[in-house]
Amino acid sequence: MSVVSIKKNISGDEIPMPASSVKEQPMKQPQEMATTKTASEKATVQRIKAVTEFFVRRVMPSVLGVVLFLVIWALLAKQSGELPGPDKTWASAVELFSDPFYDNGPNDKGIGWNILSSLERVGIGFGLAALIGIPLGFVIGRFAFFSGMASPIISLLRPVSPLAWLPIGLLVLKEAQPAAIWVIFISSIWPMIINTAVGVTKVPQDYMNVARVLNLSEWKIFTRILFPAVLPYMMTGVRLSIGVAWLVIVAAEMLTGGMGIGFWVWDEWNNLNVEHIIIAIFIVGIVGLLLEQGLLLLAKRFEY
Amino acid sequence: MNKYVQIENAQMIFETKNGKFVALKDINLLIDQGEFVSIIGHSGCGKSTLLNLVAGLIDPSGGALFCAGREIAGPGPDRAVVFQNHSLLPWLSCFDNVYLAVERVFGGKEPKANLKKRATEALELVGLGHAIHKMPHEISGGMKQRVGIARALSMQPKVLLLDEHFGALDALTRAHLQDELLRIVTSLGSTAIMVTHDVDEAVLLSDRIVMMTNGPSATIGEILDVKLPRPRDRLALAEDRDYVHLRGEVLKFLYERHKKKEAA
Chain A
1 MSVVSIKKNI SGDEIPMPAS SVKEQPMKQP QEMATTKTAS EKATVQRIKA
51 VTEFFVRRVM PSVLGVVLFL VIWALLAKQS GELPGPDKTW ASAVELFSDP
101 FYDNGPNDKG IGWNILSSLE RVGIGFGLAA LIGIPLGFVI GRFAFFSGMA
151 SPIISLLRPV SPLAWLPIGL LVLKEAQPAA IWVIFISSIW PMIINTAVGV
201 TKVPQDYMNV ARVLNLSEWK IFTRILFPAV LPYMMTGVRL SIGVAWLVIV
251 AAEMLTGGMG IGFWVWDEWN NLNVEHIIIA IFIVGIVGLL LEQGLLLLAK
301 RFEY
Chain B
1 MNKYVQIENA QMIFETKNGK FVALKDINLL IDQGEFVSII GHSGCGKSTL
51 LNLVAGLIDP SGGALFCAGR EIAGPGPDRA VVFQNHSLLP WLSCFDNVYL
101 AVERVFGGKE PKANLKKRAT EALELVGLGH AIHKMPHEIS GGMKQRVGIA
151 RALSMQPKVL LLDEHFGALD ALTRAHLQDE LLRIVTSLGS TAIMVTHDVD
201 EAVLLSDRIV MMTNGPSATI GEILDVKLPR PRDRLALAED RDYVHLRGEV
251 LKFLYERHKK KEAA
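Just so you know, the sequences run in chain order A and B. Position 278 of the first sequence, counted from 1, bears residue number 278 in the numbering used here, the numbering being contiguous throughout. Position 239 of the second sequence, counted from 1, bears residue number 239 in the numbering used here, the numbering being contiguous throughout.
Worth flagging that the hints you see were computed from the coordinates, not collected in a lab. None of the values given here were measured: they were computed from a predicted structure. Heads up, some of the hints might be wrong.
The list that follows gives simulated cross-link-like pairs (lysine to aspartate or glutamate, DMTMM-like), each with its CA atoms no further than 25 angstroms apart [what the hints assert, rightly or not]: (1) B:K158 x B:D225; (2) B:K259 x B:E249; (3) A:K300 x B:E110; (4) B:K158 x B:E110; (5) A:K202 x B:E249; (6) A:K202 x B:E138; (7) B:K117 x B:D78; (8) B:K158 x B:E71; (9) B:K134 x A:E303; (10) A:K42 x A:E53; (11) B:K17 x B:E71; (12) B:K109 x A:E218; (13) B:K227 x B:E35; (14) A:K78 x A:E275; (15) A:K202 x B:D96; (16) B:K259 x B:D198; (17) A:K220 x B:E239; (18) B:K116 x A:E218; (19) A:K220 x B:D96; (20) B:K25 x B:E71; (21) B:K260 x B:D233; (22) A:K220 x B:D78; (23) B:K134 x B:D96; (24) A:K220 x B:E110; (25) A:K300 x B:D96; (26) B:K252 x B:D233; (27) B:K116 x B:E138; (28) B:K158 x A:D206; (29) B:K17 x B:E35; (30) A:K202 x B:D59; (31) B:K109 x B:E138; (32) B:K17 x A:D108; (33) B:K112 x A:E218; (34) A:K78 x A:D99; (35) B:K20 x B:E35; (36) B:K134 x A:D206.
Which chain A residues stay away from chain B? Per the calculated CB distances, all over 10 angstroms, these [claimed, not checked]: (37) G127; (38) V139; (39) R158; (40) V213.
C-beta: ideal position from N, C-alpha, C; glycine also.
Build the full structure now, drawing on both the sequences and the hints.
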């Protein structure tokens, strides 16, 4: 009776044993050793199976999608002759990112500076919007009177295209930089107001009844009940807002100039450097994705 | 009778899309201090509405309600409610849920250490001394309901209002918590009003059982005195003649004289 057959008998499993491992087995207590070895190998096999399945189900489709995208892109590039293909773009990107923080005067700075400059604008505009929008959302959600006051204005202004606000910004603020921030502010404030307000109205009546029975002060109601209950809604609003802010920044910077990823796109268009425009598109996409994922991670911490 | 809680000609009408709906009418009830009264009736008979009136969560359309000589105007911590679905705040630990109530009632009058002691004691009273710092989602439904009771008791309310507070629990857990509540209420001598649809629960815990007729226009049908000596013991009572008789009386009221119409 061989060791292999004992293994099969004990575990009742059909795992083929590598010949080498069979030979290495000490023959003193073949039965006992065989059992433990089989168990650990079984686990290994299962792990490999799980990893393979993960790759087949999750990773493969994404990889396939990306490959297909690159192939179509390459074909289109070849057809048109003017559009740079993935290879040329990649080479250009490597060059671009080899020195992202150079500084040759105000109109020629590294890509890193441009990205940071855009992020700064988005940060300020979005931050101001959060600072005003979230408290406003709470007030509108909590008091029907304010809701009645604000809702016609919100309904009217929310669908306005972000760039329509730019001339007003330029007129009032006189300068391009604050005007761009103004556009970010006004276009990213709505999701935060609306989601926060909706969140407040969705606070379960049970919690509000607790507040009523305890006769809690408005401040306690806010800190102990409203704020924690609304937080998930608020985070959704924040996530939507930052998406909008990042979406708008490119267009705003194209119009205002200065420094930033949007201005950089326009500048490269004037230089007819199409590779850089494509790279910029990817940068905008990737940074937007990172912002969104970061906030999703943050939002998960506030779920109950 | 010292008329601790007094309900006079209370009436409740809800405005609905299909016009007026009379939920309760001609409710007259006097409750003594230290008395445990349960309200029983079929679903939709307005028993929870009646409790909400005493809690002050809704205002009566007619009549008046008094508690300790004062007209009830709005909710307040002197009439603590144990809600049907425990209503714990999920972002606060068991301790903090109770502490929120303690702080509201005794904050500013007593030092912080005292408040903490009160909250801890309330949780120990319901047998949750070991789970003080757990979050609501980490404990079972029965334990959550205990926290709800601890929160209500910690406020030292004039009246304890229990709204089908064990309704969502399984029979065994419910029996266990009933025993616990029986012990607590007997030892504290609390005045309590309990809404229930569980006949055994009503007989076991109450001094009087208020039986409601079916809605709409529900009112008090009969009031049954439960003169069983305290402390009461579930097992001993199970075969007690008086207990069986009282239980039968409630069942007869609910299923003979005021049988629920089949529509609902």
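The hints, checked one at a time:
no.: 1; hint: B:K158 x B:D225; verdict: 22 angstroms, holds
no.: 2; hint: B:K259 x B:E249; verdict: 14 angstroms, holds
no.: 3; hint: A:K300 x B:E110; verdict: 38 angstroms, violated
no.: 4; hint: B:K158 x B:E110; verdict: 19 angstroms, holds
no.: 5; hint: A:K202 x B:E249; verdict: 44 angstroms, violated
no.: 6; hint: A:K202 x B:E138; verdict: 24 angstroms, holds
no.: 7; hint: B:K117 x B:D78; verdict: 20 angstroms, holds
no.: 8; hint: B:K158 x B:E71; verdict: 14 angstroms, holds
no.: 9; hint: B:K134 x A:E303; verdict: 16 angstroms, holds
no.: 10; hint: A:K42 x A:E53; verdict: 16 angstroms, holds
no.: 11; hint: B:K17 x B:E71; verdict: 31 angstroms, violated
no.: 12; hint: B:K109 x A:E218; verdict: 20 angstroms, holds
no.: 13; hint: B:K227 x B:E35; verdict: 12 angstroms, holds
no.: 14; hint: A:K78 x A:E275; verdict: 14 angstroms, holds
no.: 15; hint: A:K202 x B:D96; verdict: 23 angstroms, holds
no.: 16; hint: B:K259 x B:D198; verdict: 15 angstroms, holds
no.: 17; hint: A:K220 x B:E239; verdict: 50 angstroms, violated
no.: 18; hint: B:K116 x A:E218; verdict: 23 angstroms, holds
no.: 19; hint: A:K220 x B:D96; verdict: 13 angstroms, holds
no.: 20; hint: B:K25 x B:E71; verdict: 19 angstroms, holds
no.: 21; hint: B:K260 x B:D233; verdict: 31 angstroms, violated
no.: 22; hint: A:K220 x B:D78; verdict: 19 angstroms, holds
no.: 23; hint: B:K134 x B:D96; verdict: 10 angstroms, holds
no.: 24; hint: A:K220 x B:E110; verdict: 19 angstroms, holds
no.: 25; hint: A:K300 x B:D96; verdict: 22 angstroms, holds
no.: 26; hint: B:K252 x B:D233; verdict: 24 angstroms, holds
no.: 27; hint: B:K116 x B:E138; verdict: 22 angstroms, holds
no.: 28; hint: B:K158 x A:D206; verdict: 22 angstroms, holds
no.: 29; hint: B:K17 x B:E35; verdict: 39 angstroms, violated
no.: 30; hint: A:K202 x B:D59; verdict: 23 angstroms, holds
no.: 31; hint: B:K109 x B:E138; verdict: 33 angstroms, violated
no.: 32; hint: B:K17 x A:D108; verdict: 69 angstroms, violated
no.: 33; hint: B:K112 x A:E218; verdict: 21 angstroms, holds
no.: 34; hint: A:K78 x A:D99; verdict: 29 angstroms, violated
no.: 35; hint: B:K20 x B:E35; verdict: 34 angstroms, violated
no.: 36; hint: B:K134 x A:D206; verdict: 21 angstroms, holds
no.: 37; hint: G127; verdict: 25 angstroms, holds
no.: 38; hint: V139; verdict: 22 angstroms, holds
no.: 39; hint: R158; verdict: 31 angstroms, holds
no.: 40; hint: V213; verdict: 5 angstroms, violated
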